[in-house]
Amino acid sequence: MSDPLLELDDVYKSYGEEQVLSGVSFEMDAGDVDVVIGPSGSGKSTMLRCVNRLTEINGGAIYLNGECVTDADTDVNELRKQVGMVFQDFNLFAHLTALGNVTLGLRKVRGIDKAAAQEQGYEHLEQVGLLDQADSYPAELSGGQKQRVGIARALAMDPKLLLFDEPTSALDPELVGEVVEVMRDLAAEGITMLVVSHEMGFARSAASDIIFLDDGEIVEHGPPEQLFENPQAARTGEFLSRLETTHEGE
Amino acid sequence: MGTPESTTTGRTIRARAAGLTDQPLTLLTVGAFWTWLVVRWTNDFLLDGALIERNTSFFPTAPFESAASTLGGLAASLGPVGFPVGWVAGFFEFLAASIPYLPPLATGVWATILLTLLGIALGFVIAVPLSVARVYGGGATRSVALGYTELFRGTPLLAQLFVLYFATPLTTIIRELPTVGTGFIPAQAFWVAVIAFTLNSAAYQSEYIRSALNSVPEGQLTAARSIGLSKVDGIRHVVLPQGLRYAIPGWSNELVYLIKYSSLASFITVRELFQRTDSIASETYRYTELFVLAGLLYLALVISASLLMEYVEDRVAIPGLGTTGR
Ligand SMILES: Nc1ncnc2c1ncn2[C@@H]1O[C@H](COP(=O)(O)OP(=O)(O)OP(=O)(O)O)[C@@H](O)[C@H]1O
Ligand SMILES: [Mg+2]
Numbered sequence: 012m013s014d015p016l017l018e019l020d021d022v023y024k025s026y027g028e029e030q031v032l033s034g035v036s037f038e039m040d041a042g043d044v045d046v047v048i049g050p051s052g053s054g055k056s057t058m059l060r061c062v063n064r065l066t067e068i069n070g071g072a073i074y075l076n077g078e079c080v081t082d083a084d085t086d087v088n089e090l091r092k093q094v095g096m097v098f099q100d101f102n103l104f105a106h107l108t109a110l111g112n113v114t115l116g117l118r119k120v121r122g123i124d125k126a127a128a129q130e131q132g133y134e135h136l137e138q139v140g141l142l143d144q145a146d147s148y149p150a151e152l153s154g155g156q157k158q159r160v161g162i163a164r165a166l167a168m169d170p171k172l173l174l175f176d177e178p179t180s181a182l183d184p185e186l187v188g189e190v191v192e193v194m195r196d197l198a199a200e201g202i203t204m205l206v207v208s209h210e211m212g213f214a215r216s217a218a219s220d221i222i223f224l225d226d227g228e229i230v231e232h233g234p235p236e237q238l239f240e241n242p243q244a245a246r247t248g249e250f251l252s253r254l255e256t257t258h259e260g261e
Numbered sequence: 011m012g013t014p015e016s017t018t019t020g021r022t023i024r025a026r027a028a029g030l031t032d033q034p035l036t037l038l039t040v041g042a043f044w045t046w047l048v049v050r051w052t053n054d055f056l057l058d059g060a061l062i063e064r065n066t067s068f069f070p071t072a073p074f075e076s077a078a079s080t081l082g083g084l085a086a087s088l089g090p091v092g093f094p095v096g097w098v099a100g101f102f103e104f105l106a107a108s109i110p111y112l113p114p115l116a117t118g119v120w121a122t123i124l125l126t127l128l129g130i131a132l133g134f135v136i137a138v139p140l141s142v143a144r145v146y147g148g149g150a151t152r153s154v155a156l157g158y159t160e161l162f163r164g165t166p167l168l169a170q171l172f173v174l175y176f177a178t179p180l181t182t183i184i185r186e187l188p189t190v191g192t193g194f195i196p197a198q199a200f201w202v203a204v205i206a207f208t209l210n211s212a213a214y215q216s217e218y219i220r221s222a223l224n225s226v227p228e229g230q231l232t233a234a235r236s237i238g239l240s241k242v243d244g245i246r247h248v249v250l251p252q253g254l255r256y257a258i259p260g261w262s263n264e265l266v267y268l269i270k271y272s273s274l275a276s277f278i279t280v281r282e283l284f285q286r287t288d289s290i291a292s293e294t295y296r297y298t299e300l301f302v303l304a305g306l307l308y309l310a311l312v313i314s315a316s317l318l319m320e321y322v323e324d325r326v327a328i329p330g331l332g333t334t335g336r
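Heads up: the sequence lines are chains Y and C, in that order.
All residue numbers for the first sequence refer to this note's numbering, where the first residue is 12 and numbers rise by one.
All residue numbers for the second sequence refer to this note's numbering, where the first residue is 11 and numbers rise by one.
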């Protein structure tokens, strides 16, 4: 058996007194798409940020391809080249065009020259259907377009794993579709993704596994059909029915 | 779907109130001022007075003198209602009396510009790391940067000039340097003033840049780090390009202040605009004419600087960044 692509092993994280992650463990194989759901404040964002070490854990370990990446001597910049991240509020570089956003990492992190970086940049913009917006600045793009640039920016680094933190929750409902479509394409291409999202359509159709996180603990972890149709834990069922009520107008 | 929320371009998105650049008369005046300055300097410094003798003005005084005396006579003959004509006569008298002092003052303007530009540019080089240290530095770095800023903003610039000039070996050291004070290279006092302005202006500039850096959303650096940029590279390639744009309006104030504060260099014998004005005035007793003239020259410099900065701000404008953010 080869190592899993990502493994969280008994991960703990606290902010001062507040315990945010209490012994989180799970594994993902290459090509998996895991969707994390859970109430606000349950630690979903924190868990993602621990994986690319935007946040440091207090206990346990995280392995990427069998290598521990939470050691003190791990080069975080090397780690982040392999783990892309897509943010809820896009965080596009406001002073750069769509193309500039996608190529900055190629040029300044990978050291690729401008012409070659742009060539790759155009490819990634095409991948998210935004070739025609290459020269637009973030302020000139719609929310959905911004998020697709955000995805292209992460893809450009050719990561082994893509983290998505509620990629559609800052979008107007009519713009969610275009982003979900891009994410489905990526899933179909076999890109490994760890996605925090309550976009049930995506979760049902694209996820290999659903992880239900509550109060810093994984309450339930399983394939979507099991978790959605036949939840084992009472808490999961409660959360899912609450989720349905809040989303029923859509 | 798929259409951008806004298709505004760099210029229109700013919806700025009409600035100096939109006023043709200002542009014309500033253009005439710089034409005169550049021709004057070229003649005096480079052509060795080939166009006109060094201390002779380009503009004749005779026409203004005769206009003044004609109008003066007219005003007198009009009696009590002649005073508006008298004012116009006074204006021509002022012109006639001021014109001969324009050439030496143009030389002073050169020194003032040089002092200001060197001070602001070198100060900027210090101010950027200083402000980055204030915003992103660790405890010690941050304290040192804060201490520096407080020291130079909290004490009078004149005191800083005096301390550097009289109380440190700086003056002697610079004087001993080769070429200082020969040919086009100004003497030591000028360089001490440049150092003082650099140190002082760095403190003020760093305040403007610091608050601009603070207005760059935190997510920008997070995103930069998430693609593998180090903190330093993230600051350099993502935070600074945005922060410095935000800083332009405030920073322009500092440039304007420095133009005027550079006159303090006269206290340590630097022969800039104020010093020349003052020394000619005390020789000729033409205080009013000279200081009004100097004031006008400073004003022209300040307006030029504002125009330049407006132009720069426009040139580097990016849709969605800048005025809309504040
Ligand atoms: N930098 C921080 N400092 C202190 N506390 C934090 C920090 N980041 C997160 N927390 C706390 O950790 C807890 C979990 O936050 P987290 O953002 O991971 O939750 P989440 O599941 O992503 O919630 P949401 O659905 O609202 O995004 C919250 O109680 C939050 O207040
Ligand atoms: Mg969150």
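It cannot be assumed that every hint is accurate.
As the list claims (entries may be wrong) - 27 Å max Cα-Cα, derived BS3-like pairs, lysine-lysine:
1) Y:Lys92 x C:Lys241
2) Y:Lys119 x Y:Lys92
3) Y:Lys125 x Y:Lys92
4) Y:Lys125 x Y:Lys171
5) Y:Lys171 x Y:Lys119
6) Y:Lys171 x Y:Lys92
7) Y:Lys171 x C:Lys241
8) Y:Lys119 x C:Lys241
9) Y:Lys125 x C:Lys241
Unchecked claim - Some chain Y residues well away from chain C (every beta-carbon gap over 12 Å; in silico):
10) Ser36
11) Asp40
12) Asp82
13) Glu137
14) Pro242
15) Thr257
These are computed hints drawn from the structure, not numbers from a lab.
The beta carbon of each residue, even a glycine, is placed where N, CA and C say it ideally should be.
Hints versus structure:
no. : hint                : verdict
1   : Y:Lys92 x C:Lys241  : 14 Å, holds
2   : Y:Lys119 x Y:Lys92  : 12 Å, holds
3   : Y:Lys125 x Y:Lys92  : 18 Å, holds
4   : Y:Lys125 x Y:Lys171 : 24 Å, holds
5   : Y:Lys171 x Y:Lys119 : 19 Å, holds
6   : Y:Lys171 x Y:Lys92  : 9 Å, holds
7   : Y:Lys171 x C:Lys241 : 22 Å, holds
8   : Y:Lys119 x C:Lys241 : 12 Å, holds
9   : Y:Lys125 x C:Lys241 : 22 Å, holds
10  : Ser36               : 24 Å, holds
11  : Asp40               : 23 Å, holds
12  : Asp82               : 18 Å, holds
13  : Glu137              : 15 Å, holds
14  : Pro242              : 33 Å, holds
15  : Thr257              : 25 Å, holds
This entry satisfies every hint, going by the numbered hints stated previously.
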